[in-house]
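Note that the protein sequences, when read in sequence, are chains W and D. So for the first sequence, my numbering puts the first residue at 1; every next one is plus one. So for the second sequence, my numbering puts the first residue at 1; every next one is plus one.
Keep in mind the hints are simulated off the structure, nothing from the lab. Heads up, some of the hints might be wrong.
Said to hold, decoys possible - A few chain D residues that face chain W, going by a derived Cβ cut-off under 10 Å, partial list only:
#	residue
1	L34
2	E46
3	T54
4	V61
5	P226
6	I228
7	L230
8	F231
9	E242
10	F271
11	S277
12	G286
13	T336
By construction, the Cβ of each residue, glycine as well, lies at the ideal position given by its N, Cα and C atoms.
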Amino acid sequence: MTGLLLWLKRRADNVAVILLAAMFFTFILQIVFRYVFSSPLGWTLEACLLLWLWLVFWGAATLLDDRDHVRFDILYNYVGSRTRGVFAILTAVAIVFAFVKALPATWDYVAFMKIESTSLLKVRFDFVFSIYLLFSLAIVLRYSWRILCVIRNRGHGPVPMDHTESAEHDQH
Amino acid sequence: MSYEFLLCLVALFGLSALGAPIALSMVVAAVTYLSLKGQDLGLAAEQMLQGLFTSFILLAVPLFIVAANVMNAGTISDRLLKFCVAVVGRFRGGLGHVNIVASLIFSGMSGSAIADAAGIGKIIINMMTRDGRYTPGFAAALTAASATIGPIIPPSIPMVMYALVSDTSIGYLFLGGIVPGLLMGLVLMVLNSFLAVRKQLAVEQATALRELPRLTLQAFPALMMPVILLFGIYGGATTPTEAAAVAAAYALLLAGLFYRSLTLRSLYKVFSESARSSAAVGLVIGGALIFNYIVASENIPGTVAEAMKSLDMSPVAFLLLVNLLILVLGCLLDATTLLLVIIPLFIPACRELGIDLVHFGVVVVVNTMIGLITPPYGILLFVINAVTGIPLQSIIREILPFLAVLLFALMLITFVPDIVLWLPRVFGYKG
């Protein structure tokens with residue numbers, strides 16, 4: 001199971017890297033065409049925005065764990081592991097509840113957007129925005145899993161992250 | 001303020017305090033508010049998606065992140081450091097000066113204080129503490145303090161965020177940061193000189209002057225980076241977002257082709273790290289977009305502006321109050337949250353009081369960056385603690401004098417708007 005998860009995580013990482021790299025090179029292409037050939041391409045900007053949107057939600061759905069997220073964790077790191085368990089369950093329940101509750105309306109909104117397409121590349125907006133549905137589902141799954149883990153762990157919350165690794169991810 | 005909004009705030013701050021990711025807490029808070037109001041719950045997704053898809057300037061964020069990570073992965077940081085040692089290392093407390101000057105130059109390339117501290121900061125702390133010449137606490141405190149300059153001198157990710165929420169020109173904001181950034185470097189260098197004499201810090205072996213041309217030549221392409229960036233933006237050649245892409249591409253070329261210090265594997269790692277950071281930052285920005293929608297529909301900024309007006313508050317008193325508030329909040333919250341959630345509340349009040357928004361923007365960004373080194377929650381302290389293993393207590397013990405001079409610089413910038421506005425005006429800013 002863990003082997004498969006690890007494999008999936010690596011592939012998810014590949015996709016994120018491809019999205020970011022594609023965005024970066026599209027942007028460079030735009031600059032080259034505008035300033036070197038003086039014939040700006042319109043579609044490049046739209047492509048960059050699409051890739052950026054997908055990068056954010058794809059990354060948030062598949063890659064980000066507690067260590068990567070912007071969090072306020074003084075209190076969480078300070079309390080004992082039992083209290084951490086309570087914290088973890090409370091927050092996870094709230095997150096799962098809110099995302100599940102919003103899901104039908106979100107689905108309707110995304111489906112409704114099929115009537116519009118992006119102006120240059122003509123990508124239908126229901127497709128563009130469907131990444132948010134994936135993100136919602138992933139969050140529901142991830143935090144449901146966390147609730148199970150805390151229960152299986154007899155109420156002990158996940159060990160706090162040290163800042164060693166978060167250091168590489170935070171950007172201000 | 002409606003009771004629905006109060007509950008929304010309770011959800012946001014409650015969940016965040018318990019350790020939930022800030023971005024997700026904002027979504028939960030928004031859903032709470034919308035469902036209590038009986039509004040369409042799809043609005044949360046709509047605000048986030050439309051906001052991210054239409055904000056062109058946000059594209060600068062991932063690009064600046066890539067640029068900073070490339071520079072740290074290649075040997076660009078090391079070369080810069082060698083150059084700085086050769087130039088200012090010969091004075092008493094020389095490595096302290098090197099630290100500050102390196103931060104000044106590096107900040108002209110990366111938009112991020114964290115990248116500054118984790119990259120160049122780590123190397124120089126090792127140099128300073130070797131043979132016990134400087135105490136680890138002092139070296140770490142100085143590094144943390146000088147890293148705060150990073151996002152003041154352009155490029156700057158926090159300023160992109162401020163431009164987004166305040167609708168201010170990012171080009172003028174970037175220009176406005178240059179003099180204040182230099183001022184911060186200056187006060188830190190004065191303090192370092194003073195402490196160097198008092199603590200009788202070591203004098204380094206001066207690098208022979210005949211070495212200087214060679215070291216300059218090696219660092220030259222890296223030194224050109226800020227020049228290219230600024231020339232691109234202010235020569236009117238590129239927009240700031242395009243400049244971000246050019247910066248990243250230039251860093252990539254330098255590290256990959258010129259210095260040959262970047263393998264394909266390390267390049268993948270750079271993009272993978274950058275993708276994670278971009279997703280995390282993008283999600284918080286998205287969350288803030290929903291939250292700001294709610295704040296606006298409750299007309300909170302308008303209420304704040306009315307209150308300030310009815311209190312007949314002078315602009316100076318207002319700035320002082322906002323500074324104080326952000327400093328206090330900065331001890332607890334991180335800079336992104338402050339800039340995206342708290343600052344928008346005060347923008348209409350600024351307009352009402354006739355405070356220039358470029359001035360205000362630079363002041364609040366300087367303020368939030370100082371917040372990165374105020375204990376207990378100062379992310380720069382954590383980062384340095386993490387990459388060097390120097391205990392937090394000893395960093396915090398040494399940080400106070402640095403904090404004091406940075407606050408002095410903040411006060412100057414606050415009360416003498418010309419420090420910020422002079423340069424933008426030279427380039428045609430009508431404010």
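Hint D/T336 vs chain W: min CB-CB distance below 10 Å? Check passed: Cβ of D/T336 comes within 6 Å of chain W, closer than 10 Å.
Hey, does the D/F271 contact hint survive, CB to chain W under 10 Å? Status holds, d = 5 Å.
Status of the hint placing D/I228 at chain W (closest C-beta pair under 10 Å): violated (13 Å)
Restraint check, 10 Å cut-off on beta carbons, for D/L230 near chain W: Given a least distance of 17 Å, the restraint on D/L230 is violated.
Status of the hint placing D/E242 at chain W (closest C-beta pair under 10 Å): holds (5 Å)
Restraint outcome when D/L34 is required to lie within 10 Å of chain W by C-beta distance: Where the cut-off is 10 Å and the nearest Cβ of chain W is about 8 Å from D/L34, the hint holds.
So, as I understand it, the hint says D/S277 touches chain W; can you test that by seeing if any CB pair is closer than 10 Å? At 5 Å from the nearest chain W Cβ, D/S277 passes the 10 Å test, so the hint holds.
Minimum beta-carbon distance criterion (10 Å), D/G286 to chain W: Cβ of D/G286 sits 7 Å from chain W, so the hint holds.
Verify the interface restraint on D/E46: the C-beta must sit less than 10 Å from at least one C-beta of chain W. Status holds, d = 6 Å.
D/F231 was flagged as interface toward chain W. Is the shortest Cβ-Cβ separation under 10 Å? Interface hint status for D/F231: violated (13 Å vs cutoff 10 Å).
Can we keep the D/V61 interface hint, with Cβ of chain W closer than 10 Å? holds (8 Å)
Min Cβ distance, D/P226 to chain W: is it shorter than 10 Å? Violated - the Cβ of D/P226 stays beyond 10 Å from chain W, reaching only about 18 Å at its closest.
Of the numbered hints stated above, those contradicted by the structure are hints 5, 6, 7 and 8, listed in ascending order.
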